[in-house]
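**Student:** Residue numbers (numbering that gives the first Met the number 0), protein chains in the order written: chain A, 0 to 95; chain B, 0 to 95.
Possibly wrong hints are sitting among the right ones.
You can't tell identical chains apart in this list, so a pair holds if it fits in one copy or across any two.
Claimed, not checked - Think about it this way: if two alpha-carbon atoms lie no more than 25 Å apart in a straight line, the pair counts; the simulated SDA-like pairs of lysine to any residue are:
#	residue 1	residue 2
1	Lys22	Glu3
2	Lys22	Val87
3	Lys22	His90
4	Lys32	Asp47
5	Lys22	Met0
It is worth saying that the hints were derived from the structure and are not from the lab.
Number of protein chains: 2
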Amino acid sequence: MILEAVILHIRAGESAAFEAVFKQAVPIISSMKGFIQIELQKCMEVADQYLLLVQWETLEDHTQGFRGSPEYQEWRKLLHHFYEPFPVVEHYERIL
Amino acid sequence: MILEAVILHIRAGESAAFEAVFKQAVPIISSMKGFIQIELQKCMEVADQYLLLVQWETLEDHTQGFRGSPEYQEWRKLLHHFYEPFPVVEHYERIL
């Protein structure tokens, strides 16, 4: 099991719209092979900043399965225009 | 419930020592009022980078309760010398 972690910076003034669209987009990702869980967390100190946490069974379920799928094109179209700058995506393995 | 999230950069070559000391230090934080859960996650792409996630009942349980406690001084002494640079600590509220 691995954790995808991404800090998202949303264009100023678009956070409410982003949250609404994100909720609509969840079924796209949650139907993918290897998907386990998703969390969207809103930063208390920095306006328009979020932490996205997605658990996948394997790294490849995210980097190849999801990113190589038609569903990812739909996810991109719905969400990527909210991000400024485009985020760095990292993957983590739990130590404890 | 709030999430403390911190990206930790460990001095080169000290990650194994950091992990060992971190495991010893967990009971210090897990005994504090308002503590719910802790995760230490190791980055797969960036050497010596970790993601620390701590769930607290309230923001103040972390920022005032823990940081104002004698236990925090012990936590600092054990762990802070591993960090370079000193990390930015942020707090998040779950949206979904």
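**Student:** Evaluate each hint against the coordinates.
**Tutor:** So, going through the hints one by one against the coordinates:
1. Lys22 - Glu3: both (18 Å within a copy, 23 Å between copies)
2. Lys22 - Val87: Answer is within: at 21 Å inside a copy they meet the 25 Å cutoff, but 28 Å across does not.
3. Lys22 - His90: both (22 Å within a copy, 21 Å between copies)
4. Lys32 - Asp47: Neither: 30 Å inside a chain and 30 Å across chains, both beyond 25 Å.
5. Lys22 - Met0: both (24 Å within a copy, 20 Å between copies)
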